[in-house]
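Based on the provided sequences and hints, a complete structural model is requested.
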Amino acid sequence: MKARLDTRKVFSYLFAFFIAFLASCSDHDDISGGGDPPASALAFRLDRGRQINVFYRQDKIAAHLLMRASTKPRLLVVFPAGNSGTGLWFDDTSQPVNWSQDTPISPTTTQDASGRMLYGIRVDVSADTNHLSIRQALLSSVRFLRDYNGGATVPSDIVAPPSVSGNVALWQRNRVDGAPGYALRVTAIDGGAIAADGAGKLLLQSPSGAPVLRLRIEAFSGETPLQPITHANLFTSAVNPDPLSQNVFEFLSFSDKLLAGSWQYDTYFGRDTLISVRMLMPVLQPDVIEAGLGSVLSRLSPDGKVAHEEGIGEFALIDNRRHGRPNDPTPTYDYKMIDGDYMLAPIMEDWLIEDPRGQARAAAYLAQKGGDGVTNGSRFVANLLRVAQTAQPFAQQALAANLIHLRPGEIVGNWRDSTDGIGGGVCPYDVNVALVPAALRATSNFLARGLLDPYLSADQRAVLANAGAAADVWERAAPPYFQVAVTPNDARAKLAAYAPQAGVPAGVVPSTALQFDAIALDASGNPIPIMHSDGGFVLLFGNPSPALLARIVTDVMQPFPVGLVTDVGMLIANPAYADSTLWPRFTSSAYHGTVIWSWQQAMWVAGLDRQLARTDLPSDVRTLLTQARQQIWQVIANAKDIRSTEMWSWSYANGQYRTEAFGTRSADATEANAAQLWSTTYLAIQDPQLRAGKYWWEARAAGGDTPRRGSTETAAGNAANAVNAVNAVKGATS
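This note's numbering numbers the first residue of the sequence shown as 1 and each following residue consecutively.
Be aware that a few hints might be false.
[Unchecked claim] DSS-like, lysine-lysine: derived pairs with alpha carbons at most 30 Å apart:
#, residue 1, residue 2
1, 369, 60
2, 72, 201
3, 336, 369
4, 640, 72
[What the hints assert, rightly or not] Pairwise CB distance ranges, derived in the manner of DEER restraints:
#, residue 1, residue 2, range
5, 488, 367, 58 to 66 Å
6, 166, 199, 17 to 25 Å
7, 130, 500, 38 to 46 Å
8, 166, 109, 19 to 27 Å
9, 651, 363, 50 to 58 Å
10, 615, 450, 26 to 34 Å
11, 411, 241, 38 to 46 Å
12, 241, 522, 40 to 48 Å
13, 460, 331, 22 to 30 Å
Because the hints were derived from the structure by calculation, they are not lab data.
Computed from a predicted structure; not experimentally measured.
A virtual CB, placed ideally from N, CA and C, is assigned to each residue, including glycine.
Following this line, the structure appears as structure tokens:
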């Protein structure tokens, strides 16, 4: 792809700046004064696919407006407060409805019938149609909006009827426990009207059949506002100058937690928090790092499990009611995932042991107490005990049966948490090959340094004492269970059958056997031969042998469908070598199929940088890693405009790949978030042509070095060199 000036992008940045300027100068309606002056507003816009996403955050108000242009139009306003939101779903239209944002978002407040304050936003929008019929309005937890959007039913008591007065429709209700709830006011402006149609549905109409319908949207939530972390308190001077990614991260950052993504995940997710903190650590200020880690520690189960997702606000009320606890707003936590259990320790190690800033704060941070009086150190010990105890069976007898399995009765357990994410497997590669040994190494290091002495009993110390030896066994004995080899002839046959249904050329098969690692083991301990990107976890968390490094990198870096690489990103999965019955479950429309997840690419680059900092690598492996880094960075650059989103798909025509926003096509399994926490991790990764001689985790010590162009890094995108390096390493390590 040739670089060119994208005038639409330039305009969108200018428009976002204009919105931010106006919003910062606007009246603040009924927001109470006194004390410190309000922080300047964060306001920006992201257009993804055919969806307009507008973000606003200032003081007690944080909101995300989403308008979907489609034959299935939709308008949502979601709030991080209580993970709550309001939504309008409209009846299908014969032609796609296109939306426009006519005014900047402005903050506003209102009072409910009991005089309690609700916080929200106001914005004028328009649609290029003369009418819209409202199929459903919902005001509740985003969890229920998400469920309804996916086709599920929602509790009947969260549905509020509208009241109509002239050209204004109002939906308003308390939370199910009587606490301040939610409101949505829609006004047909410029002569428009609101009336009920023959079926009793509300019909929004433009004046005299005019081709444009103009609406004023006012949406509110009474959930307790979160305390935002402002831009000045987020980043160090080493952060990359990427305003869009910085805005996304800022919108999702609060003192209590870092939100996973918007619109669908505007609350705590353990895995997302940990990965983001780990990769952004070099460019984050200490309080932000500790806010993220603290949110995970405070939500651990008593036996040390990391909470995957929290249920708060109205979702918690209804979830508790289902379990016999009526009118109980206590947050609920989902502990079904296994990967977070083994991710916490190495990331705590990176902060409290490896980072000089964290070292200086370690004792005080571990001694901090939560609202229940329990210290961070004691909570962390519970997690380390879980790591050691669950890893011990394999350390004693290295059988597949003793690897870490999904929890009983669950079909998901790692980041590939859709029904088909690991192809029906039960022992995920990332957990067993990367995360468990990393957690054991971290446990051993914490024990050796005495940081946890105040929180350990003699019995607990004995449980943790063999963590280092256990890590040796896991690093040596777990990877072989996942190894897959495909002969050139078998690969050609598989690709000849797979490529046509994937819609791409079969590609050139290497002359030597393809070697990669299975995505998971099945219940019988057999590898499921789906090629995948999770070797990035080993690069980021492990210290693999040169032979294992070559195995991880070599064949996955081949062009798809031989490997994982396309011109618009590195795919997270390739089912070509698996049984053909798995192919329909790993398409470019599957959530964890042949699609691109932004953070996975960032993890690969960060992991490759980490490995390239080693001094024990032979030259051929170093060449392989360097060229892999160049190759990944090139495809990242090709899709730079979309990389802050959760994930995306692709299409292929006329010999070229192009990005496709996930969720805008009818076959897509769901939709991607426009703003995703871990997709901002490029803020800590340097373009290889602009590196300052420091690797990503050393940026904190660089103090803002002036970037200089590297003399040895001029081979980006040179496919011939990459293939030569691949073949040389394969010959040396086979």
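Hint check results:
1. Taking the CA atoms of residue 369 and residue 60, the gap is about 26 Å. The hint holds against a cut of 30 Å.
2. Distance check on the hinted pair: residue 72 and residue 201 sit about 16 Å apart at the alpha-carbon level, within 30 Å; holds.
3. Between residue 336 and residue 369 the alpha-carbon distance is near 26 Å, which keeps this suggested pair within the 30 Å criterion.
4. Annotation: proposed proximity of residue 640 to residue 72 holds, straight-line Cα distance about 28 Å (limit 30 Å).
5. In this structure the hint that residue 488 and residue 367 lie 58 to 66 Å apart at CB holds, the actual value being about 59 Å.
6. Take residue 166 and residue 199: their Cβ atoms lie about 21 Å apart, and the range 17 to 25 Å holds.
7. Separated by about 45 Å at the C-beta atoms, residue 130 and residue 500 satisfy the suggested range of 38 to 46 Å.
8. Separated by about 23 Å at the C-beta atoms, residue 166 and residue 109 satisfy the suggested range of 19 to 27 Å.
9. At roughly 54 Å, the beta-carbon separation of residue 651 and residue 363 lies within the given 50 to 58 Å, and the hint holds.
10. At roughly 28 Å, the beta-carbon separation of residue 615 and residue 450 lies within the given 26 to 34 Å, and the hint holds.
11. Against the hinted window of 38 to 46 Å, the Cβ-Cβ separation of residue 411 and residue 241 comes to about 42 Å, which satisfies the hint.
12. Separated by about 47 Å at the C-beta atoms, residue 241 and residue 522 satisfy the suggested range of 40 to 48 Å.
13. Between residue 460 and residue 331, the C-beta spacing of about 28 Å keeps the proposed range 22 to 30 Å intact.
Of the numbered hints stated above, none is contradicted by the structure.
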